[in-house]
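Asker: Make a model of the complete structure from these sequences and hints.
2 protein chains.
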Amino acid sequence: MKPTVSIVKIGGAFLETPGLVETFTGAFAAMPGLKVLIHGGGQRATQLSTRLGIEPQMVDGRRITDAAALEVAVMVYGGWANKTLVARLQALGCPALGVSGADADLIRAHKRPVGAIDYGFVGDVEQVNLPALKALLGAGLVPVFCALTHDGKGQMLNTNADTIAAELAIALGAEFESHLFYCFEKEGVLRDVNDPGSVIPVIDPDLYKSLKDGQQIAAGMLPKLHNCFQSLQRGVGRVFIGSPALLSPQRKTFTEVTL
Amino acid sequence: MKPTVSIVKIGGAFLETPGLVETFTGAFAAMPGLKVLIHGGGQRATQLSTRLGIEPQMVDGRRITDAAALEVAVMVYGGWANKTLVARLQALGCPALGVSGADADLIRAHKRPVGAIDYGFVGDVEQVNLPALKALLGAGLVPVFCALTHDGKGQMLNTNADTIAAELAIALGAEFESHLFYCFEKEGVLRDVNDPGSVIPVIDPDLYKSLKDGQQIAAGMLPKLHNCFQSLQRGVGRVFIGSPALLSPQRKTFTEVTL
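Top line first, the protein sequences correspond to chains A and B. Letter 203 of the first sequence, counting from 1, is numbered 913 in the numbering used here, and no numbers are missing. Letter 27 of the second sequence, counting from 1, is numbered 737 in the numbering used here, and no numbers are missing.
Hints are not guaranteed to be accurate.
No distinction is drawn between identical chains; accordingly, a pair holds when it is met within one copy or between any pair of copies.
Here are the computed lysine-lysine pairs in the DSBU-like style, where the Cα-Cα straight-line distance is at most 35 Å [to be verified]: (1) LYS922 to LYS863; (2) LYS712 to LYS962; (3) LYS844 to LYS863; (4) LYS919 to LYS863; (5) LYS934 to LYS919; (6) LYS919 to LYS896; (7) LYS962 to LYS821; (8) LYS934 to LYS922; (9) LYS844 to LYS934; (10) LYS922 to LYS844; (11) LYS712 to LYS844; (12) LYS821 to LYS919; (13) LYS896 to LYS863; (14) LYS962 to LYS863; (15) LYS863 to LYS821; (16) LYS962 to LYS919; (17) LYS821 to LYS934.
By construction, these hints were calculated from the structure, which means they are not laboratory data.
Answerer: Written as structure tokens, this is what we have:
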């Protein structure tokens, strides 16, 4: 039987909310077995940009990562968010090691090709360094990833945290039973966005299609669910969406995504 | 015979100078054997503070690390400086892994006790986690430290980079032949600060005392040399001061500190 590894993604907004960050780090630190954490960005990067007078660059409603935005992302995600999270986890006895995709060449990406839009310093994942990741897990460490990769030629790149979580789970799936957990402020995917009690216990592609056709799912949830199905098709064992309570063995309310 | 490990400290100012950073990373990447890098801060933190309108806090001519200064240090040293250096080294085939003292609990410190001066979030090193450091080296990685530690209770702390280099070399000295290299813009300790050709090949405590008494050494060099003698007394095999050319086996001009 393959050993199990848990890949947990937590939104950056969550980590910036006093009270919630303690709830999350407590739940994550208590999880048994091999585990990996990926944290998103949150509002702090936007706040820092505003304080520095850096205007967000938008093209066709999409955010562009220019050189100034990349510098802010590396400082905030790779520096402040990553290190304060690692220090908190260490205080709870969790042997966290903060990394970006550049560290130990863990995630190599290529700059997104310029098509209709030039996204700037945005990286599409090319390869996860499974031997290096296994070496860190084997040393008893808990890798904590920020949403940054590199191109192997000296350039850091900005990469979506949900995508990084999925790619890590897929790569680990080759040798582990990999379980992917998307944690956010709600208890799961809601049938009615205005009713926190309407958590859907299981979503498969048929239900997804019918909810999508009926426009019953929040728009932001669509790419996330698409990611989840892809992960399952590419070897991830199980995929869950919910609040940090999801990380406890006594978990009750959450959404599981299945094929 | 113990295996040799090289502990290299590079000043932050060096890394911010185009041309010099390539010289340094090339020389470091080419060094054979086990190695560890420690980088200092440089002017970028000061520049960011200025842009953010954060006034440097000084007491009796000494810089204080208040909460705002710590945040800047974690963003700049732990984020931008560390990750861009790691990405550069990776591009040269050097398996760099960027860390702070919080990562893998590598360097635990305590907040400097408040005496005549409250230095703020400044950490005095308590313990280097030798098993974790050995595990990273054993995995074929090259740890790249920024000058940040943690207190084990969730707080990041600012720690002098020269001190971190010395403490790492001392800890590694217990099981390795540890060689400590302080790299900066000059070729070594100068007998005459105005003559770059006046590099002193070997400094022992007697010569140090006579140079100090004759006020022939730059003031900034005194604590550095004091650190070097202490390192040798605490088990470090050899200590060198010089330019990055020092890292090459063909090195010719440099200063070696001996007891």
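Asker: The structure should be examined with respect to each hint, and the outcome stated for every one.
Answerer: Going down the list of hints, with the structure as the test:
Proximity of LYS922 to LYS863 under the C-alpha cut-off of 35 Å is found in neither arrangement, the shortest distances being 41 Å within a copy and 46 Å between copies. Proximity of LYS712 to LYS962 under the C-alpha cut-off of 35 Å is restricted to the intra-copy arrangement: shortest distance 25 Å within a copy versus 54 Å between copies. In the homo-oligomer, the alpha carbons of LYS844 and LYS863 lie at most 35 Å apart both inside one protomer (24 Å) and across protomers (28 Å), since each shortest distance falls under that limit. For the homomeric pair LYS919 and LYS863, neither the shortest alpha-carbon distance inside one copy (41 Å) nor that between copies (47 Å) is at most 35 Å.
Within a single copy, LYS934 and LYS919 get their C-alpha atoms as close as 14 Å, which meets the 35 Å cut-off; across copies the closest is 67 Å, which misses it. In this assembly of identical chains, LYS919 and LYS896 lie within 35 Å of each other by CA distance solely inside one copy; the values are 21 Å within and 67 Å between copies. In this assembly of identical chains, the alpha carbons of LYS962 and LYS821 never lie at most 35 Å apart, being 41 Å within a copy and 42 Å across copies at closest. Proximity of LYS934 and LYS922 under a CA criterion of 35 Å is satisfied intra-copy only: 13 Å inside one chain copy versus 65 Å between copies.
Taking identical chains as interchangeable, the C-alpha atoms of LYS844 and LYS934 lie at most 35 Å apart only when both belong to the same chain, with a minimum of 26 Å there against 39 Å between chains. Taking identical chains as interchangeable, the C-alpha atoms of LYS922 and LYS844 are never at most 35 Å apart, the minima being 38 Å within one chain and 52 Å between chains. In this homomeric assembly, LYS712 and LYS844 come within 35 Å of each other (Cα to Cα) both inside a single copy, at 14 Å, and across copies, at 28 Å. For the identical chains of this complex, LYS821 and LYS919 are intra-copy neighbours only, at 32 Å inside a copy versus 56 Å across copies, given an alpha-carbon limit of 35 Å.
Proximity of LYS896 and LYS863 under a CA criterion of 35 Å is satisfied inter-copy only: 29 Å between copies versus 39 Å inside one chain copy. Taking the shortest Cα distances, LYS962 and LYS863 sit within 35 Å of each other only across copies (31 Å), while inside one copy they are farther apart (46 Å). With identical chains, the CA atoms of LYS863 and LYS821 are at most 35 Å apart within one copy only, with a shortest distance of 11 Å there and 38 Å across copies. In this assembly of identical chains, the alpha carbons of LYS962 and LYS919 lie at most 35 Å apart only when taken from the same copy (25 Å versus 71 Å across copies).
Proximity of LYS821 to LYS934 under the C-alpha cut-off of 35 Å is restricted to the intra-copy arrangement: shortest distance 22 Å within a copy versus 42 Å between copies.
Violated hints for the displayed structure, listed by number in ascending order: 1, 4, 7 and 10.
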